[in-house]
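**Student:** Here the protein sequences line up with chains B and C, keeping their order. Using my numbering, read the first sequence as starting at 36 and increasing by one per residue. Using my numbering, read the second sequence as starting at 36 and increasing by one per residue.
Note that these hints are calculated values from the structure, not bench results. Each residue gets a CB set at the ideal place from its N, CA and C atoms; glycine is no exception. Hints are supplied without guarantee of correctness; some may be wrong.
Capping the alpha-carbon separation at 27 Å, the derived lysine-lysine pairs in BS3-like fashion look like this [unchecked claim]:
# : chain 1 : residue 1 : chain 2 : residue 2
1 : C       : K240      : C       : K202
2 : C       : K348      : C       : K72
3 : C       : K240      : B       : K146
4 : B       : K202      : C       : K240
For each label pair, taking beta carbons as the anchor points, the in silico distance ranges come out as [stated by the list, open to error]:
#  : chain 1 : residue 1 : chain 2 : residue 2 : range
5  : C       : N107      : B       : E113      : 23 to 31 Å
6  : C       : S329      : B       : K146      : 20 to 28 Å
7  : C       : V75       : B       : E113      : 23 to 31 Å
8  : C       : T112      : B       : D352      : 47 to 55 Å
9  : C       : H96       : B       : E113      : 41 to 49 Å
10 : B       : T144      : C       : R376      : 36 to 44 Å
11 : C       : A422      : B       : Y198      : 26 to 34 Å
12 : C       : T112      : B       : E213      : 38 to 46 Å
13 : B       : D265      : C       : E425      : 55 to 63 Å
14 : C       : R376      : B       : G190      : 21 to 29 Å
Protein chains: 2
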Amino acid sequence: MRVLVLGGDGFCGWPTTLYLSDRGHDITVVDNLSRRKIDVDLEVGSLTPIRSIGERIRAWHEVSGKEIGFVNLDLATEYDRLAAVLAGIRPDAIVHFAEQRAAPYSMRTGKTKRYTVDNNVRATHNLLTALVETGTGAALVHLGTMGVYGYGWSGSAPIPEGYLTVKVPTPDGELEREILHPANPGSVYHMTKTLDQLMFAFYAKNDGLRITDLHQGIVWGTQTPQTSQDERLINRFDYDGDYGTVLNRFLMQAAVGHPLTVHGTGGQTRAFIHIRDTVRCIEIALANPPQDSSRVRVLNQMTETHRLLDLAKMVADAMGAEIAYLPNPRREAEENELIVRNDQFLALGLHPTTLSEGLLEEGREVAARYAGRADVTKIVARSVWRAGMETSGDLVAELPAQP
Amino acid sequence: MRVLVLGGDGFCGWPTTLYLSDRGHDITVVDNLSRRKIDVDLEVGSLTPIRSIGERIRAWHEVSGKEIGFVNLDLATEYDRLAAVLAGIRPDAIVHFAEQRAAPYSMRTGKTKRYTVDNNVRATHNLLTALVETGTGAALVHLGTMGVYGYGWSGSAPIPEGYLTVKVPTPDGELEREILHPANPGSVYHMTKTLDQLMFAFYAKNDGLRITDLHQGIVWGTQTPQTSQDERLINRFDYDGDYGTVLNRFLMQAAVGHPLTVHGTGGQTRAFIHIRDTVRCIEIALANPPQDSSRVRVLNQMTETHRLLDLAKMVADAMGAEIAYLPNPRREAEENELIVRNDQFLALGLHPTTLSEGLLEEGREVAARYAGRADVTKIVARSVWRAGMETSGDLVAELPAQP
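Chain B on its own, in the form it takes in the complex:
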């Protein structure tokens, strides 16, 4: 298949690009390199020394013999170029990662709130319009988030895959209806993914676009069998308070000798998936577009759920770290239960890579190898959900010398 990977230079996009290329697909990355530019503004960088997209692609060609195309293009603002790329490449499928994806960054300032909405909504809507205008019949696979459902809404009921069956009282008795699961986003970032859902629903209904929306859990891990073939192919590892994902942050903190940062009680339960499963799920989704194009196919892309404090304790016990309880900069419930269905992915052949000591240790090792690149002032999360919320100062003045 000819596949466009929009946002193919990012944390999930790059490993997906290599995985799909390795599996024989003809890949073109479309990316405006915004993730790298945001790091410039935040004065932080990937813990791992990621190479430029050009060097990455050249290295992959050396290692695998395969070509990957690259177009530097801003989906939100360069509509005409996007339409030209679709008309020129005529992709069979498109994977859409090209959105600002950090909740804390999306809540950081008025400017980042606006950037997140302006960028994400326009990127998605430009893409949908361009598919219609150019008559591109490509199947679209979008990376959404478990966060569209919010937490604790349905009590003991498992979160279904996108659609919820409810009963509506009417004068003629109860009506059973399958509805898009009510949206309950916890940040401006998550909100943009709920907006995406409604745009997908409309363009599926009106134009018959074939769309799959993957509601992904928190991704952890760094390397895949492809990214570890050459150091120039290494994936990014975010450890900072805005972009770092929670389990990877715990592993990094344990590796560099920093207390594990639990914001709030740690009673928050979240869904997780390893980066190796992310790339497999994308391939499964590409191979199984919706039969009925009038309705978006929704899959829950996660393999397990954990309480954050349980994860912290597990890492602390295994690796000898301390836990620091910090003020929570988010407005969220202190605790929640979370039960999630992922029956469709399991039925389509996903064999979950769940938490194991070996994988945790691999993550710690990656972090330890590059510990000297860490900036200790970037570790505590300080983007607050409302002005005036309390945050913590740095927990340590400098990191211990690495062995």
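Once you have looked at the hints, place chain C on chain B.
**Tutor:** Here is chain C on its own, set in the frame of chain B:
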């Protein structure tokens, strides 16, 4: 109250501005005059000879002695100026009409789809962000649409005011939950109002903004007691296939001797409200902001429902016109039932202005007075929901000479 009227130069915005000014409020209109500029692109104009916003405001001062402020500002692109206006004026309340509001225009081309989303989403989100950033405690009243609910979804059940009580099955029995009514928009325009809803919900929950969302029916009528005080205050009257609303179009067509254009079977049932009630509803909403600021107050701003064919027959019978059945450029159900609750507005003191011969005749008279300004080539609706859908040619080559 100091009130900002965003979009205060438009079809609903201008009469609201005058009504609120007449009632003693201190009004500033914020408008980028986009509605007039779209008419330039569409090569059409209001049937009534509306004056420039400057002349309108001067005329109102002559007639009433009252001052109205005006700021020419694009909410979607001039965030810093918006924030400065909020900080400078410190409004008690804001009425937000400032969105592209025609479904056919929103479906006309890829460019107008994108304009509608880019403009409406950014205008609303910039406003929300600016309220938070400037600490403006103003109550916000937004003009939404009945179209967020879609048609025919809930069978014989009346459409409630914004929130629907449903039963969710769980392993521990059924859970009763009040949810935002599932969105089922029929056009890109309507879709943007469903996106607005989710943004309002988030900013109410996270930031405690006090927001009222008015789900308005199709507005008909032209003049209010304020706009009819001087010809320079006259409200706009859209008769073209993109911006004209259905009942006003029938009245105009009857007045100028054009067949009444029924697109499709006419079995579509829609909700209606007269422009005189629109302005009253806004005042009622301003006087009754939500008590619980964590949840958006939703009111259904409509007074009656009618099948389009029934309206056409009523106008045809009363005024001696013919009915022409044309291909429907929209993708929608041929027929639907529609029962809508508006209990809250009734309880808050609205006395509905329903369809009457007198008001219909008033509309016909306004149209007849300015019939010479009509362009017969703009009457048939030709913006199609999908490429290739059939449309009709012009029904008449020129309009009969007016008496």
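**Student:** Confirm or reject each hint.
**Tutor:** Structure-based check of all given hints:
Restraint check: the Cα-Cα separation between K240(C) and K202(C) comes to about 23 Å, which is no more than 27 Å; the hinted pair holds. Our distance criterion of 27 Å between C-alpha atoms is broken by K348(C) and K72(C), whose separation comes to about 34 Å. Between the alpha carbons of K240(C) and K146(B) the distance comes to roughly 20 Å, so the proposed pair stays at or under 27 Å and holds. With a C-alpha separation of about 26 Å, the suggested pair K202(B) and K240(C) falls inside the 27 Å cut-off, and the hint holds.
Separated by about 28 Å at the C-beta atoms, N107(C) and E113(B) satisfy the suggested range of 23 to 31 Å. Against the hinted window of 20 to 28 Å, the Cβ-Cβ separation of S329(C) and K146(B) comes to about 25 Å, which satisfies the hint. Between V75(C) and E113(B), the C-beta spacing of about 26 Å keeps the proposed range 23 to 31 Å intact. Hint check: T112(C) to D352(B), Cβ distance near 53 Å, so the stated range 47 to 55 Å holds.
A C-beta distance of roughly 46 Å is found between H96(C) and E113(B), which places it inside the suggested range of 41 to 49 Å. Checking the proposed 36 to 44 Å range against T144(B) and R376(C) shows it holds: the Cβ atoms sit about 41 Å from each other. About 29 Å separates the C-beta atoms of A422(C) and Y198(B), a value consistent with the hinted range of 26 to 34 Å. Between T112(C) and E213(B) the beta carbon distance is about 39 Å. The supplied range of 38 to 46 Å therefore holds.
Distance hint for D265(B) and E425(C): a CB-CB separation of about 58 Å, consistent with the stated range 55 to 63 Å. Checking the proposed 21 to 29 Å range against R376(C) and G190(B) shows it holds: the Cβ atoms sit about 28 Å from each other.
The earlier numbered hint that this structure contradicts is number 2, and it is the only one.
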